[in-house]
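Undergrad: Chain residues, written in single-letter form:
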Amino acid sequence: MRILVVGGGTAGTIVANNLARRLTAETRAGKVRITLLSASDRHMYQPGLLYVAFGHMTPDQLYRDEASLLEPNIDFHVDPVTKFNLDKNQVLTAGGKTHDYDILVIATGSRMVPEETPGLNEGAEFFYTEASAVKMFKRLREFQGGKVVVAVGVPHKCPIAPVEVMFMLHDYFTARGIRDKVQLKYHYPIGRIHTIENVAIWAKPEFARIGVETETLFNIKEVDVKNKILKSEEDTEVPYDLLIVIPAHRGMEVLERDNLGEGGWIPTDRFSLAMKGRDNVYVVGDTTNLPVSKTGSAAHFQAETLAENIASIVKIGAPVRDYDGKVYCFIEAGHDRATYAMFNYQNPPDLKPPSKPMHWFKLSYNQMYWTSVRGLL
Amino acid sequence: MSEMRIIDARDTFCPGPLMELISYMKRASVGDEFELLSTDKGSINDIPEWIKKVGHEMLSSEQVDGVWHIKVRKAK
Chain A
264 MRILVVGGGT
274 AGTIVANNLA
284 RRLTAETRAG
294 KVRITLLSAS
304 DRHMYQPGLL
314 YVAFGHMTPD
324 QLYRDEASLL
334 EPNIDFHVDP
344 VTKFNLDKNQ
354 VLTAGGKTHD
364 YDILVIATGS
374 RMVPEETPGL
384 NEGAEFFYTE
394 ASAVKMFKRL
404 REFQGGKVVV
414 AVGVPHKCPI
424 APVEVMFMLH
434 DYFTARGIRD
444 KVQLKYHYPI
454 GRIHTIENVA
464 IWAKPEFARI
474 GVETETLFNI
484 KEVDVKNKIL
494 KSEEDTEVPY
504 DLLIVIPAHR
514 GMEVLERDNL
524 GEGGWIPTDR
534 FSLAMKGRDN
544 VYVVGDTTNL
554 PVSKTGSAAH
564 FQAETLAENI
574 ASIVKIGAPV
584 RDYDGKVYCF
594 IEAGHDRATY
604 AMFNYQNPPD
614 LKPPSKPMHW
624 FKLSYNQMYW
634 TSVRGLL
Chain B
9 MSEMRIIDAR
19 DTFCPGPLME
29 LISYMKRASV
39 GDEFELLSTD
49 KGSINDIPEW
59 IKKVGHEMLS
69 SEQVDGVWHI
79 KVRKAK
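If you read the protein sequences in the order shown, they are chains A and B.
The first sequence begins at 264 in our numbering and counts up by one.
The second sequence begins at 9 in our numbering and counts up by one.
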């Protein structure tokens with residue numbers, strides 16, 4: 264049995280490690296081979312980018328060598344896939360290799376696409392890549408006052424980030440002693456300030472308390488860079504001195520090129536995580552088209568479920584459980600406080616009041632992630 | 009006119025039905041039609057509100073066995 268995992272991010276790494284541990288005897292006996300293909304030899308803790316953007320972490324703290332995170336019975340190659348040939352159960356790589364498989368797991372993640380919105384790359388700051396997070400921090404450092412506009416593209420990764428960045432902006436400018444010179448304005452695509460109703464209900468008075476203005480039903484259309492104006496699909500405009508955007512995302516280009524899914528999101532069964540129309544192809548993490556948050560925790564819970572199921576398919580010929588839609592997101596709430604949102608397909612999140620211990624837990628998790636991605640936590 | 013496409017946003021709290029619809033509408037062409045399935049009772053208000061504000065077209069909405077079926081057309 265040849266199991267091929269494509270993608271060395273959170274989902275792919277957890278799937279590979281869980282499989283390797285569950286199928287130790289089978290790999291040792293040569294009955295199962297687990298191969299992981301990644302585009303990079305480094306693994307990034309992506310939630311740390313928000314801390315980089317505010318100077319709380321430096322980029323080097325976000326990385327580990329991917330090989331150091333993997334079980335020894337995983338056949339790991341840094342060689343990105345350039346072609347998915349699902350009818351032949353094959354993928355081709357940039358290095359010119361062909362990998363045949365019996366079971367394929369696609370976990371290639373997502374990427375921000377600010378270039379698809381006129382003026383956005385030139386006019387806005389982001390924190391979804393190392394370079395953009397560092398650049399945003401430098402812009403914040405030099406900012407001496409004025410109107411900071413935050414806006415949100417759709418779809419985007421880490422749906423809590425828009426709320427968190429407002430609290431962090433308030434704390435950052437307060438610490439620099441210039442909060443009274445800074446106007447914070449938050450824009451959100453739907454008719455409330457967060458898509459999760461309980462988060463919106465909680466955040467509204469919190470935003471009022473720290474002086475954040477809000478505008479809803481605002482979808483980014485374009486940026487007039489010269490005049491520093493952000494325009495919406497709803498025909499409204501907002502001037503800015505500093506524009507921070509949570510940019511829209513897409514799946515990886517190779518998936519669109521090979522017609523695996525519109526926008527690079529692969530049609531996926533919400534319970535089995537199988538690619539629709541394929542029995543031996545599974546999809547996890549941001550890559551799915553599921554109506555589930557594109558976040559590391561969803562990737563984590565999907566990966567655990569899928570690894571257990573693939574191992575069971577190897578051992579008993581059938582999967583053992585469904586993915587229930589579970590997501591757990593920390594929410595940094597400013598003033599060294601945090602809370603969390605946990606939910607699944609059936610149960611909405613029930614937010615608890617923010618607390619300092621939850622913030623410390625989040626800071627601890629920033630380190631515990633490396634245990635988590637090894638499939639141990 | 010293109011074929012009506014289904015967006016299954018049942019039992020989702022994040023990103024939620026309207027966010028799902030916005031994602032699909034962004035990638036669609038003028039004239040494309042979608043049928044959004046939602047179990048969120050708020051959808052019956054917030055989706056028409058957004059459709060009207062942005063200038064798209066509401067075609068219909070009905071509830072069948074606890075699921076809202078909301079049909080829209082991209083108009084611009």
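Any given hint could be a false lead.
Keeping only pairs whose Cα atoms sit at most 25 Å apart, straight-line, the calculated SDA-like set for lysine to any residue is [as the list claims (entries may be wrong)]:
| no. | chain 1 | residue 1 | chain 2 | residue 2 |
| --- | --- | --- | --- | --- |
| 1 | B | K34 | B | D73 |
| 2 | B | K61 | A | D487 |
| 3 | A | K401 | A | K444 |
| 4 | B | K61 | A | Q309 |
| 5 | B | K61 | A | T477 |
| 6 | A | K420 | B | S37 |
| 7 | A | K539 | B | K79 |
| 8 | A | K589 | A | Q309 |
| 9 | A | K494 | B | E65 |
| 10 | A | K467 | B | N53 |
| 11 | B | K84 | A | E500 |
| 12 | A | K420 | B | G50 |
| 13 | A | K420 | B | I15 |
| 14 | B | K84 | B | R35 |
| 15 | B | K61 | A | K539 |
Here are the computed distance ranges between Cβ atoms for each label pair [claimed, not checked]:
| no. | chain 1 | residue 1 | chain 2 | residue 2 | range |
| --- | --- | --- | --- | --- | --- |
| 16 | A | E460 | B | A83 | 25 to 31 Å |
| 17 | A | R374 | B | G63 | 44 to 50 Å |
| 18 | B | V72 | A | Q630 | 29 to 35 Å |
| 19 | A | R305 | B | S68 | 49 to 55 Å |
| 20 | B | A83 | A | N522 | 25 to 31 Å |
| 21 | A | P322 | B | S68 | 28 to 34 Å |
| 22 | A | G540 | B | N53 | 31 to 37 Å |
| 23 | B | V72 | A | P620 | 43 to 49 Å |
| 24 | A | E378 | B | H77 | 31 to 37 Å |
Keep in mind the hints are simulated off the structure, nothing from the lab.
The C-beta atom is built at its ideal place from N, Cα and C for all residues, glycine as well.
Undergrad: Hint by hint, say whether it matches the structure.
TA: Here is what the structure says about each hint:
{"no.": "1", "hint": "K34(B) <-> D73(B)", "in the structure": "violated, 29 Å"}
{"no.": "2", "hint": "K61(B) <-> D487(A)", "in the structure": "holds, 22 Å"}
{"no.": "3", "hint": "K401(A) <-> K444(A)", "in the structure": "holds, 18 Å"}
{"no.": "4", "hint": "K61(B) <-> Q309(A)", "in the structure": "violated, 35 Å"}
{"no.": "5", "hint": "K61(B) <-> T477(A)", "in the structure": "holds, 17 Å"}
{"no.": "6", "hint": "K420(A) <-> S37(B)", "in the structure": "holds, 24 Å"}
{"no.": "7", "hint": "K539(A) <-> K79(B)", "in the structure": "holds, 23 Å"}
{"no.": "8", "hint": "K589(A) <-> Q309(A)", "in the structure": "holds, 20 Å"}
{"no.": "9", "hint": "K494(A) <-> E65(B)", "in the structure": "holds, 21 Å"}
{"no.": "10", "hint": "K467(A) <-> N53(B)", "in the structure": "holds, 20 Å"}
{"no.": "11", "hint": "K84(B) <-> E500(A)", "in the structure": "holds, 18 Å"}
{"no.": "12", "hint": "K420(A) <-> G50(B)", "in the structure": "holds, 23 Å"}
{"no.": "13", "hint": "K420(A) <-> I15(B)", "in the structure": "holds, 19 Å"}
{"no.": "14", "hint": "K84(B) <-> R35(B)", "in the structure": "holds, 12 Å"}
{"no.": "15", "hint": "K61(B) <-> K539(A)", "in the structure": "violated, 34 Å"}
{"no.": "16", "hint": "E460(A) <-> A83(B): 25 to 31 Å", "in the structure": "holds, 28 Å"}
{"no.": "17", "hint": "R374(A) <-> G63(B): 44 to 50 Å", "in the structure": "violated, 29 Å"}
{"no.": "18", "hint": "V72(B) <-> Q630(A): 29 to 35 Å", "in the structure": "violated, 49 Å"}
{"no.": "19", "hint": "R305(A) <-> S68(B): 49 to 55 Å", "in the structure": "holds, 50 Å"}
{"no.": "20", "hint": "A83(B) <-> N522(A): 25 to 31 Å", "in the structure": "holds, 27 Å"}
{"no.": "21", "hint": "P322(A) <-> S68(B): 28 to 34 Å", "in the structure": "violated, 51 Å"}
{"no.": "22", "hint": "G540(A) <-> N53(B): 31 to 37 Å", "in the structure": "holds, 35 Å"}
{"no.": "23", "hint": "V72(B) <-> P620(A): 43 to 49 Å", "in the structure": "holds, 46 Å"}
{"no.": "24", "hint": "E378(A) <-> H77(B): 31 to 37 Å", "in the structure": "holds, 36 Å"}
Hints 1, 4, 15, 17, 18, 21 from the list above are not met by this structure, while the remaining hints are.
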